[in-house]
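A.B. asks: First to last, the sequence lines map onto chains A and B. First residue of the first sequence: 1, per this note's numbering; consecutive thereafter. First residue of the second sequence: 1, per this note's numbering; consecutive thereafter.
Just so you know, the hints here were simulated from the structure itself, not pulled from any lab data. Careful, some of the hints might be misleading.
Within a straight-line C-alpha distance of at most 20 Å, the following computed EDC-like cross-link-like pairs (lysine to aspartate or glutamate) qualify [as the list claims (entries may be wrong)]: (1) A/LYS305 / B/ASP54; (2) B/LYS48 / A/ASP283; (3) A/LYS309 / B/GLU36; (4) A/LYS309 / B/ASP54; (5) A/LYS288 / B/ASP77; (6) A/LYS309 / A/GLU269; (7) A/LYS295 / B/GLU44; (8) A/LYS126 / A/GLU138; (9) A/LYS59 / A/ASP137; (10) A/LYS150 / A/ASP101; (11) A/LYS157 / A/ASP101; (12) A/LYS275 / A/ASP263; (13) A/LYS303 / B/GLU36; (14) A/LYS157 / A/GLU77; (15) B/LYS34 / A/ASP283; (16) A/LYS309 / B/GLU35; (17) A/LYS119 / A/GLU221; (18) B/LYS34 / A/ASP316; (19) A/LYS275 / B/ASP54; (20) B/LYS34 / A/GLU281.
Some, not all, of what chain B presents toward chain A, calculated at C-beta under 8 Å [claimed, not checked]: (21) VAL49; (22) LEU55; (23) ILE67.
Beta carbons are placed, not taken as given, at the ideal position from N, Cα and C, and that holds for glycine.
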Amino acid sequence: MKGRATQRSNHRIIRRLRAIWTHQILRLQKVHGFRGILIMSMVCVFCIFISAAGASDQKARTLTELIAMFDSSSCKECHEEIHAQWETSHHARSIMGIFMDRYLQRGVLSVKNPDDATKKNFPCFKCHFPQLEYATDEVASEIAAAILGKDKATMKKLNINCLVCHNQKGVVHGRPERGMLYGTNSVSEHEDKRYKRVKASPIMKRPVMCGQCHGLGPNLEFEHPVQCATLYGSYLHAYVPSGGAKTCQECHMKDADHSCPPDFNKRGEVSARLKKALPMEVDTLVYKSQFTPGKIIPMLVVKTKITSKAGHRIPDG
Amino acid sequence: MPQSTTSLNKTMVYGPTKKLGIIRDTSIQPFGAKEETFQVRVSESAKKVNIRVDLSYQPRPGDVYPIHSVIRTLAMDSH
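Work the whole structure out from these sequences, hints included.
C.D. replies: Structure below.
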């Protein structure tokens with residue numbers, strides 16, 4: 001019975017849409033002649049085009065749905081080495097760090113009841129989990145529940161995975177194309193069920209690719225602006241104008257290393273990297289001073305100079 | 001850093017602690033240098049002085065990443 005009622009209701013909606021459509025065509029024909037019908041047809045074609053162009057037009061209503069929408073586990077089958085590198089990177093645990101963990105639990109935009117959370121509570125996810133853009137507020141509640149419940153297994157699944165850079169962020173303008181990946185080279189037949197083609201992205205090897213998240217400072221577009229990484233701002237406004245010529249990728253993705261060092265858990269490597277980036281000179285001077293006639297006081301002067309060879313301010317992120 | 005708020009609306013509830021632009025930036029910019037000079041009075045009887053200069057990065061108290069350690073021995077009586 002319920003099914004028949006729904007069917008009747010659907011037919012009523014279709015009849016109503018047909019009526020509106022016919023009315024609009026007749027009205028346009030009356031006002032603009034056949035040109036009106038042409039305009040209407042163009043509008044329709046444009047609407048269809050827009051809906052086909054978006055990679056993920058439909059918003060996920062559950063966290064499981066969102067994770068599945070951006071599932072990149074199939075990448076591992078062919079790109080095993082790169083995937084293994086990524087798994088060790090900070091990108092693979094983008095909301096797991098001490099700061100993010102505490103901020104999300106006790107920060108100014110945290111909530112006590114997960115049901116109160118909306119996407120507005122997670123401005124940090126603009127970069128730390130950009131997939132949230134393709135989800136509803138219900139998903140934000142589920143994420144809040146995982147954070148408050150310290151559900152590490154779920155939190156670990158919320159990361160910057162292959163599709164964030166090679167789909168979502170790989171385009172220069174607009175939305176990524178459906179079923180398209182973006183890389184350094186084009187691939188006409190990419191062996192994947194969902195992503196069958198790869199388009200060469202002009203920004204994939206450029207600093208702006210990283211700058212989309214490792215950004216310019218305060219994120220002023222939010223209702224409550226948040227201060228975050230200023231790294232790309234420093235690169236643009238200090239490094240390049242001072243003669244710097246390297247890209248982010250040359251130092252942090254050498255030979256396409258997707259572990260994107262430094263990994264702050266590898267303490268020795270971080271120290272070695274900092275040592276290279278921040279050479280230090282030490283000069284000393286020993287002299288004798290005579291503040292009071294006849295009383296000689298030995299003095300020691302130590303002068304230190306640290307010069308930055310990095311492509312951005314240190315520290316930053 | 002500038003903030004979008006005029007500080008006159010309800011976003012003021014978070015107060016100045018969240019307007020991080022008021023924090024002084026002490027980072028080192030690319031090609032920039034940080035120079036420091038330390039002057040120490042030494043005991044008159046000292047013949048030799050051992051100095052050690054350590055540079056480290058501490059993102060949090062106690063979380064130390066050593067960067068440089070320079071050790072020098074200076075003779076005081078040579079001057």
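A.B. asks: It remains to establish, for every hint, whether it holds in the given structure.
C.D. replies: Against the structure, the hints:
1. A/LYS305 / B/ASP54: Holds. A/LYS305 to B/ASP54 sits at ~12 Å (cutoff 20 Å).
2. B/LYS48 / A/ASP283: 17 Å, holds
3. A/LYS309 / B/GLU36: 18 Å, holds
4. A/LYS309 / B/ASP54: 19 Å, holds
5. A/LYS288 / B/ASP77: 10 Å, holds
6. A/LYS309 / A/GLU269: Judged against 20 Å, a Cα distance of about 17 Å means the pair holds.
7. A/LYS295 / B/GLU44: 10 Å, holds
8. A/LYS126 / A/GLU138: 17 Å, holds
9. A/LYS59 / A/ASP137: 10 Å, holds
10. A/LYS150 / A/ASP101: Holds: A/LYS150 and A/ASP101 sit about 9 Å apart, inside 20 Å.
11. A/LYS157 / A/ASP101: 14 Å, holds
12. A/LYS275 / A/ASP263: 15 Å, holds
13. A/LYS303 / B/GLU36: 6 Å, holds
14. A/LYS157 / A/GLU77: 18 Å, holds
15. B/LYS34 / A/ASP283: Holds: B/LYS34 and A/ASP283 sit about 14 Å apart, inside 20 Å.
16. A/LYS309 / B/GLU35: Holds, at roughly 15 Å.
17. A/LYS119 / A/GLU221: 14 Å, holds
18. B/LYS34 / A/ASP316: Cα-Cα ~16 Å, so holds.
19. A/LYS275 / B/ASP54: This hinted pair holds, its Cα atoms lying about 12 Å apart.
20. B/LYS34 / A/GLU281: 11 Å, holds
21. VAL49: 6 Å, holds
22. LEU55: 5 Å, holds
23. ILE67: 5 Å, holds
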